[in-house]
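Asks: Spelled out from the first residue to the last, the chains are:
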Amino acid sequence: MELYELSVHELQERLTRREISSEEIVKSFYTRINNVEDKVKSFITLTEEIALQKAREVDRAGQYNSIAGIPMGLKDIFCTRGVKTTCGSRILANFIPEYDSTASRRLDEQQGVLVGKLNMDEFAMGSSTENSAFFATHNPWDLERVPGGSSGGSAAAVAAGEVPFALGTDTGGSIRQPASFCGVVGMKPTYGRVSRWGVIAFASSLDQVGVFSNDVQDSALIMNIIAGHDPLDSTSAAIEVPDYSSYLDGDVKGLRIAYPKEYFQQGVDDAIKEAINKALQKYEELGAIVEEVSLPHSEYALPAYYLVAPAEASANLARFDGVRYGHRDFEAENVIDMFSQSRAQGFGDEVKRRIMLGAYALSSGYYDAYYLKALKVRRLIANDFEKVFRDFDVIVSPTTPTTAFKLGEQSGDPLTLYMNDILTVPVNMAGLPGISIPCGFKNGLPIGMQLIGKAFDEGTLFKAAYGFEQNTIYHTMKPELGVK
Amino acid sequence: MALTMKEVEHVAMLARLSLSDDEKKKFGEQLSSILNYADTLNVLATDDVEPLTHILPAFNVFRADAIRPSMPREEMLSNAPLEEEGQYKVPKIM
Chain A
15 MELYELSVHE LQERLTRREI SSEEIVKSFY TRINNVEDKV KSFITLTEEI ALQKAREVDR
75 AGQYNSIAGI PMGLKDIFCT RGVKTTCGSR ILANFIPEYD STASRRLDEQ QGVLVGKLNM
135 DEFAMGSSTE NSAFFATHNP WDLERVPGGS SGGSAAAVAA GEVPFALGTD TGGSIRQPAS
195 FCGVVGMKPT YGRVSRWGVI AFASSLDQVG VFSNDVQDSA LIMNIIAGHD PLDSTSAAIE
255 VPDYSSYLDG DVKGLRIAYP KEYFQQGVDD AIKEAINKAL QKYEELGAIV EEVSLPHSEY
315 ALPAYYLVAP AEASANLARF DGVRYGHRDF EAENVIDMFS QSRAQGFGDE VKRRIMLGAY
375 ALSSGYYDAY YLKALKVRRL IANDFEKVFR DFDVIVSPTT PTTAFKLGEQ SGDPLTLYMN
435 DILTVPVNMA GLPGISIPCG FKNGLPIGMQ LIGKAFDEGT LFKAAYGFEQ NTIYHTMKPE
495 LGVK
Chain G
203 MALTMKEVEH VAMLARLSLS DDEKKKFGEQ LSSILNYADT LNVLATDDVE PLTHILPAFN
263 VFRADAIRPS MPREEMLSNA PLEEEGQYKV PKIM
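Line order of the protein sequences matches chains A and G. Mapped onto the working numbering, the consecutive letters of the first sequence carry residue numbers 15 to 498. Mapped onto the working numbering, the consecutive letters of the second sequence carry residue numbers 203 to 296.
It should be emphasised that the hints constitute simulated quantities derived from the structure, not laboratory data. These numbers come from a predicted model, not from an experiment. All residues carry an ideal CB built from backbone N, CA and C; glycine is no exception. A portion of the hints provided could be inaccurate.
Simulated crosslink set (EDC-like; lysine to aspartate or glutamate; CA at most 20 Å straight-line) [to be verified]:
{"no.": "1", "chain 1": "A", "residue 1": "Lys275", "chain 2": "A", "residue 2": "Glu298"}
{"no.": "2", "chain 1": "A", "residue 1": "Lys390", "chain 2": "G", "residue 2": "Asp249"}
{"no.": "3", "chain 1": "G", "residue 1": "Lys228", "chain 2": "A", "residue 2": "Glu298"}
{"no.": "4", "chain 1": "A", "residue 1": "Lys98", "chain 2": "G", "residue 2": "Asp250"}
{"no.": "5", "chain 1": "A", "residue 1": "Lys275", "chain 2": "A", "residue 2": "Glu305"}
Under 8 Å between C-beta atoms, here's a sample of chain A residues computed to sit facing chain G [to be verified]:
{"no.": "6", "residue": "Ala107"}
{"no.": "7", "residue": "Phe109"}
{"no.": "8", "residue": "Ser219"}
{"no.": "9", "residue": "Ile303"}
{"no.": "10", "residue": "Pro317"}
{"no.": "11", "residue": "Ala318"}
{"no.": "12", "residue": "Gln355"}
{"no.": "13", "residue": "Arg367"}
{"no.": "14", "residue": "Ile369"}
{"no.": "15", "residue": "Tyr384"}
{"no.": "16", "residue": "Lys390"}
{"no.": "17", "residue": "Leu394"}
Starting from the given sequences, assemble the full structure and let the hints guide the process.
Replies: As structure tokens, then:
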């Protein structure tokens, strides 16, 4: 087995046993990147020199605690001091932050080794990574297909063995959907569980940082490092973080699992329904209690989301005005033209659409009809979940209605692309934690199962996900990619 | 509902985006179709529903009013497209 095929915890064991050095591991991953990156195209920036330097430092210190000496990737939305951070946008094509995001700083402090910054849909708006201003990322399972989005680079890099884990962000499904398309584990914690400081904002009441990994154990391990209150983010929750690894006992006996009937309608592919039904049977065999429930407002989550998220985006993205950082149009003669032209030149179409949609939904005369209405519907969606969680521990559903689609297939009509988020968006609207884990294949393409938990109960999600994973082999299957 | 050209221009102005005529037409059509989709929310009676703006309980977050080091000016200006004498420089406003 090659080093790049190992999980974080397997790499950690070899480091602790002194079988390999961090430098060897990091070099092995760069070799893998050199071999597959022209096909997959996960990275916007590679940081090889800094990475090798850090690996040697870790080897010299000889302390392989936590993730010391283990490579990692970051979605290019996390500010990294001295390392270009583009957010997938032309407007930030040359932006070099002066500080680190809290989440990436915590990994850095545990001596994780940053391998590079990963491709994404511009400002995290999209479901295919085709909205990146630079290039599209390809799905390692089928290079003609998308990896999903917006954290498509993170998902593809983990699936292709270019990094053993990566961070992403999830506003409406941007971790779970690409994890599902690429056959890896994607964890979106409860809103407020991980600090958003230094993460370029899209929709501040929905954005949350999370983890891509090869298995559930790694996901728990990374969450142990990044979760927890941060004084720099007033929306990060001051709620104690348990040791997530302690939930990994594989015992799901008596666990109460609900599956919402609405998540098996709405154009969900038959093969996906079948895979989830099989998974539910597996849970029953393992001693869990499985019952059907209803989340009656599910179909309204997506239209409400496409008002709330653009409204918040229109406010957040107002800061990109060509004054303090980012692209500026130097031809403009007055300051208003400078704003309008810099933004017109720097933003791609999807970002422009959402900014305008948000500005419209918040504008005088339309605020009540659109924005306020959407917030009221958001309450109804959150109430649906609350009712179900009075009697159940976990909700199980498909992560996506289809498997990965072809590049270019859905780039025509924005609404068609939005439909990809139909099963993930409700979770963000309610602020709940969700994880997508591999649970099957259709024609060689991975299928993901979404597990949704109570607020701040990521532990039970890990317990349920690990219980399934340890009794199946899907997480051990890797794409071929035609190179060793 | 379909957005008029005037409405598209108004919202582009609010968004500080200069658009070509072709873009105005394209975005106008796309925004209209998204807003039509959003209109499906109108079948829900929500008069008595409290809007949910934020998922965590709303509260003020205070910190001690203590002096802490801040980012050095040169560093904060390092990404400025144009600066002069330690300040951001922009075209004439008045």
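Asks: For each hint, tell me whether it holds in the structure or not.
Replies: Going down the list of hints, with the structure as the test:
no.: 1; hint: Lys275(A) x Glu298(A); verdict: holds (18 Å)
no.: 2; hint: Lys390(A) x Asp249(G); verdict: holds (9 Å)
no.: 3; hint: Lys228(G) x Glu298(A); verdict: violated (51 Å)
no.: 4; hint: Lys98(A) x Asp250(G); verdict: violated (48 Å)
no.: 5; hint: Lys275(A) x Glu305(A); verdict: holds (10 Å)
no.: 6; hint: Ala107; verdict: violated (12 Å)
no.: 7; hint: Phe109; verdict: holds (6 Å)
no.: 8; hint: Ser219; verdict: holds (5 Å)
no.: 9; hint: Ile303; verdict: violated (28 Å)
no.: 10; hint: Pro317; verdict: holds (5 Å)
no.: 11; hint: Ala318; verdict: holds (6 Å)
no.: 12; hint: Gln355; verdict: holds (5 Å)
no.: 13; hint: Arg367; verdict: holds (6 Å)
no.: 14; hint: Ile369; verdict: holds (5 Å)
no.: 15; hint: Tyr384; verdict: holds (6 Å)
no.: 16; hint: Lys390; verdict: holds (4 Å)
no.: 17; hint: Leu394; verdict: holds (6 Å)
The structure fails to meet hints 3, 4, 6 and 9 from the earlier list, while all remaining hints are met.
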